[in-house]
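Trainee: Protein sequences, first through last, are from chains A and B. The working numbering applies: residue 1 is where the first sequence begins, and numbers increase by one. The working numbering applies: residue 348 is where the second sequence begins, and numbers increase by one.
Calculated from the structure, these hints are not laboratory results. Take the hints with a grain of salt, since some may be wrong.
What the hints assert, rightly or not - Restraint ranges, calculated between C-beta atoms of paired labels, are given here:
| id | chain 1 | residue 1 | chain 2 | residue 2 | range |
| --- | --- | --- | --- | --- | --- |
| 1 | B | D459 | A | R270 | 43 to 49 Å |
| 2 | B | G618 | A | V272 | 20 to 26 Å |
| 3 | B | G371 | A | R327 | 47 to 53 Å |
As the list claims (entries may be wrong) - Facing chain B, a subset of chain A residues (Cβ under 10 Å, in silico):
| id | residue |
| --- | --- |
| 4 | R117 |
| 5 | E258 |
| 6 | R265 |
| 7 | A290 |
| 8 | Y291 |
| 9 | A300 |
| 10 | C303 |
All of these numbers come straight from a predicted model, not from anything done at the bench. Cβ coordinates follow ideal geometry from the N, Cα and C atoms, glycine included.
2 protein chains.
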Amino acid sequence: MGSIGRTRQAARTPTMKEVARLAGVSTATVSRALERPELVSEETRRKVADAVASAGYKPNLLARNLRKMEARSIIVIVPDVSNPFFSEVIHGIETAAHRAGYSVLLGNTENDPARERAYGELIDDRRADGMILLNGRLPFRTRLAGAELPPLVMACEYLSDQDVPTVRIDNIEGARRAVMHLLGLGHRRIGHVTGPMWNVLSRDRLQGYRDTLIDHGLPYAEALVQPGDFSIGSGAAAGHALLSLPEPPTAIFAANDEMAMGVLRAARERGVAVPEALSLVGFDDIRFAAYVDPPLTTVAQPCRRIGEQAMAMLGALLSSEPPEERRVVLEAELVVRRSTAPAPAGR
Amino acid sequence: MGSIGRTRQAARTPTMKEVARLAGVSTATVSRALERPELVSEETRRKVADAVASAGYKPNLLARNLRKMEARSIIVIVPDVSNPFFSEVIHGIETAAHRAGYSVLLGNTENDPARERAYGELIDDRRADGMILLNGRLPFRTRLAGAELPPLVMACEYLSDQDVPTVRIDNIEGARRAVMHLLGLGHRRIGHVTGPMWNVLSRDRLQGYRDTLIDHGLPYAEALVQPGDFSIGSGAAAGHALLSLPEPPTAIFAANDEMAMGVLRAARERGVAVPEALSLVGFDDIRFAAYVDPPLTTVAQPCRRIGEQAMAMLGALLSSEPPEERRVVLEAELVVRRSTAPAPAGR
DNA sequence: CTGTTAGCGCCTTCAC
DNA sequence: GTGAAGGCGCTAACAG
Numbered sequence: 001m002g003s004i005g006r007t008r009q010a011a012r013t014p015t016m017k018e019v020a021r022l023a024g025v026s027t028a029t030v031s032r033a034l035e036r037p038e039l040v041s042e043e044t045r046r047k048v049a050d051a052v053a054s055a056g057y058k059p060n061l062l063a064r065n066l067r068k069m070e071a072r073s074i075i076v077i078v079p080d081v082s083n084p085f086f087s088e089v090i091h092g093i094e095t096a097a098h099r100a101g102y103s104v105l106l107g108n109t110e111n112d113p114a115r116e117r118a119y120g121e122l123i124d125d126r127r128a129d130g131m132i133l134l135n136g137r138l139p140f141r142t143r144l145a146g147a148e149l150p151p152l153v154m155a156c157e158y159l160s161d162q163d164v165p166t167v168r169i170d171n172i173e174g175a176r177r178a179v180m181h182l183l184g185l186g187h188r189r190i191g192h193v194t195g196p197m198w199n200v201l202s203r204d205r206l207q208g209y210r211d212t213l214i215d216h217g218l219p220y221a222e223a224l225v226q227p228g229d230f231s232i233g234s235g236a237a238a239g240h241a242l243l244s245l246p247e248p249p250t251a252i253f254a255a256n257d258e259m260a261m262g263v264l265r266a267a268r269e270r271g272v273a274v275p276e277a278l279s280l281v282g283f284d285d286i287r288f289a290a291y292v293d294p295p296l297t298t299v300a301q302p303c304r305r306i307g308e309q310a311m312a313m314l315g316a317l318l319s320s321e322p323p324e325e326r327r328v329v330l331e332a333e334l335v336v337r338r339s340t341a342p343a344p345a346g347r
Numbered sequence: 348m349g350s351i352g353r354t355r356q357a358a359r360t361p362t363m364k365e366v367a368r369l370a371g372v373s374t375a376t377v378s379r380a381l382e383r384p385e386l387v388s389e390e391t392r393r394k395v396a397d398a399v400a401s402a403g404y405k406p407n408l409l410a411r412n413l414r415k416m417e418a419r420s421i422i423v424i425v426p427d428v429s430n431p432f433f434s435e436v437i438h439g440i441e442t443a444a445h446r447a448g449y450s451v452l453l454g455n456t457e458n459d460p461a462r463e464r465a466y467g468e469l470i471d472d473r474r475a476d477g478m479i480l481l482n483g484r485l486p487f488r489t490r491l492a493g494a495e496l497p498p499l500v501m502a503c504e505y506l507s508d509q510d511v512p513t514v515r516i517d518n519i520e521g522a523r524r525a526v527m528h529l530l531g532l533g534h535r536r537i538g539h540v541t542g543p544m545w546n547v548l549s550r551d552r553l554q555g556y557r558d559t560l561i562d563h564g565l566p567y568a569e570a571l572v573q574p575g576d577f578s579i580g581s582g583a584a585a586g587h588a589l590l591s592l593p594e595p596p597t598a599i600f601a602a603n604d605e606m607a608m609g610v611l612r613a614a615r616e617r618g619v620a621v622p623e624a625l626s627l628v629g630f631d632d633i634r635f636a637a638y639v640d641p642p643l644t645t646v647a648q649p650c651r652r653i654g655e656q657a658m659a660m661l662g663a664l665l666s667s668e669p670p671e672e673r674r675v676v677l678e679a680e681l682v683v684r685r686s687t688a689p690a691p692a693g694r
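Whenever a hint applies, use it, and build me the whole structure from the sequences.
Mentor: Structure follows, in structure tokens:
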């Protein structure tokens, strides 16, 4: 096609060739002047800079990426961006990625394995160099062994049967701290609202709950453990179930903050005062945990830091530095607010 | 370099050329078989499909994107992903983008103009085809006129002095509905907590508040209007200020839900019962508005739909269809919960 | 220090 | 219906 057919649209956007012409050098030199100026003489560097400015040139990253065979972006696979816990982690990832010169692609999956896989393929497609998983399932159809795995880091969740680089907290220990706090306040009948049992985090928190009770010579009573699914509604249902027991618990540990809020609602609906008649501990410390009434005592996950560290680890993987550790476990701290109080004297 | 030097790494990932060889056709044919199968004979199509399968071939989108000069991705510029309101909108955007075959790049800016610009440049860089803005400032150094604007849609916010495609609600009307509700309950002293005044949405909501009062023959009293910045803390401060007035309001309309929660806290701290002694209306209807105590009456923005529509509009822009309308205004509905009640009889 | 050359992997006329 | 050829814009050897 001759210059006649060229549309205004296409004519816009100067290319490196034009900059080279303007500066009176070769494109190779322009390229160098831009990416490794130390290889270019002071003077040439200036000529190029001027040409770039006067042409309003911006390198075409599509071309650069093809040439270098890298996308300079990573994909974050997450069940639900609008979940306050995940969005905090993503915030951390984004910060670290930006710092490292990577863009963040968002893959919201609603827990649909098909969508997980679709996003996982972005790596084969070469549109993403690496991937951070905020859920506990690898997004591949076939079971890959360690060496075949693409650059990938799991954040929050983890896999016990595979060696996948991971950043998370110790959920068993977190749960232990929650229960210890309640025991320290004199509670002996402590209920638990679990997350979904297909989730490792739920299982770990349950285990932390049970182990701590047993370690302290208390019985593990199935009746005091109600299943939930991390939603507020499920927490409310579980709360009602526990509070209508013949001998209701004086304290409840919920496996996340949303469910704790549900329990709170159930307690209110039944006229059970928190913390006077019922102490309540959540998990995660999402943004609103401090603003319910009463403010929620909870096990705080360092969400942002988890995100930042996960990205840092992925960055190391991508530059094929051996990441210093493939399994980082951060501290989760109990934040005591006003939803917990000493056990009622009666019992 | 000969085949000797080829690393295992590079050898992996079959290219279209190899598929062509396997199928005994040209690369052009493979390309066609993949993208426009109707141009290829039944039989060739099958041969190609077989070759693709046996080679485990996946097209390299980096190359495709360069060739077609499009990135198939859009960038979402947002002040804070972990803000529950924004994350809902993003959720909607992501859903629509996925459906339309676009990837979503996340640009979190913390309201830093430099970062806004950095992300805005992704379009010049050709790493993004279009952009959705969740804040009210164009991310360009120079003031661009209409025709020069890249494909861009503003969601939630808008610019009054420029013709930028926009999806949002009518904030003046939303505020009016909030105040009408309070008036209908018999309140006559109604306070308002504003958002930051550099924000159009804040100004609109304030205007809706004032206009409605005046339309109903009530005075607009500066003392009843307290500035906030959309944060819970600022809401609490404003709440204290309003409640310590000689003649405190019997109702408060806060320009967003977080600030309403802050007011709620202030009321609690001062022993003012909500809704008995103080009615409270928020704005946005974020996820947790329904779960504070008492559940918050609020003006609900259709966050997801705003996101989806914004992406739909951007999609139209990108395929250079003339979008049907460049300014969509969605309905915001008042959701009445339990934080509002008839005005105390006394006054 | 700089220019020449040769593609990255794909798509798209243009002929046949 | 198919193949040959050219090139998207850039960078990485390799000479000079």
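Trainee: None of the hints should be skipped; say for each whether it holds.
Mentor: Structure-based check of each hint:
| no. | hint | verdict |
| --- | --- | --- |
| 1 | B:D459 with A:R270: 43 to 49 Å | holds (48 Å) |
| 2 | B:G618 with A:V272: 20 to 26 Å | holds (22 Å) |
| 3 | B:G371 with A:R327: 47 to 53 Å | holds (49 Å) |
| 4 | R117 | violated (13 Å) |
| 5 | E258 | holds (9 Å) |
| 6 | R265 | holds (7 Å) |
| 7 | A290 | holds (8 Å) |
| 8 | Y291 | holds (5 Å) |
| 9 | A300 | violated (15 Å) |
| 10 | C303 | holds (8 Å) |
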